[in-house]
Amino acid sequence: MKDKQSRIEADLGFCLQGALSKGTLFPTVRDIGYLVNPSRLIVLPILCSMILMGQQFKIPRNFDFTDKAKLKQIWYPLRKAIKDGDFDKCVKSFQINNVTAARISTVNNIMKLHSDLTFQMIRSICKIAAFMFEWNKLVIKHVQIRDRLNKLGVKAIEEKIEYYTKTSSKMI
266 MKDKQSRIEA DLGFCLQGAL SKGTLFPTVR DIGYLVNPSR LIVLPILCSM
316 ILMGQQFKIP RNFDFTDKAK LKQIWYPLRK AIKDGDFDKC VKSFQINNVT
366 AARISTVNNI MKLHSDLTFQ MIRSICKIAA FMFEWNKLVI KHVQIRDRLN
416 KLGVKAIEEK IEYYTKTSSK MI
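Numbered per the numbering used here, the sequence shown spans residues 266 to 437.
Derived by calculation from the structure, the hints in this document are not laboratory data. Please read all numbers here as calculations on a predicted model, not as lab measurements. One or more of the hints may lead you astray.
To be verified - Straight-line C-alpha distance at most 25 Å; calculated SDA-like pairs for lysine to any residue:
1. K406 x L417
2. K425 x Q360
3. K333 x N302
4. K323 x A346
5. K420 x T365
Said to hold, decoys possible - Label pairs and their computed distance ranges (CB to CB):
6. V301 x N415: 38 to 46 Å
7. Y428 x S304: 45 to 53 Å
8. N373 x Y428: 32 to 40 Å
9. Y299 x S380: 24 to 32 Å
Here a beta-carbon is modelled for each residue, glycine too, at the ideal position from N, C-alpha and C.
Using the sequences and the hints given, assemble the complete structure.
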């Protein structure tokens with residue numbers, strides 16, 4: 266399990282590195298904060314990333330992300346968070362073990378309305394948003410696998426193995 270966890274964390278790191286590296290469309294995440302009226306292809310992945318990282322945004326039930334006028338209601342608080350550096354702080358302090366089922370449920374509710382989105386479609390608009398889209402999927406997958414393994418008791422077994430390994434090495 267630890268090998269898989271480190272592999273998933275490496276994948277997450279790769280997605281974040283790709284998202285935060287200078288691109289041809291937007292050099293940094295903060296540059297997205299200067300957009301006045303971005304597409305849902307940019308807003309959705311970044312919004313979902315912020316939710317997974319613990320930020321709170323008020324999203325009305327059955328919100329229509331395809332309506333540009335309504336999208337501004339979500340974009341302005343998100344834009345402020347990006348410009349103020351909250352996004353960077355969230356990325357640096359992110360702990361995957363702190364992702365809750367409620368956050369995942371919120372993200373899934375948002376994204377199930379937009380099942381047509383793909384990495385390539387988003388990347389054609391914005392490289393950063395595309396990598397954040399992939400990052401969101403990896404985080405959700407990791408947390409779901411972790412929860413399933415915890416139900417099976419794998420974590421307890423690993424802790425016992427680690428404990429016995431430490432105690433046996435002290436005896437030698």
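Checklist entry - In ascending order, which of the hints set out earlier in this document are inconsistent with the structure? => result none
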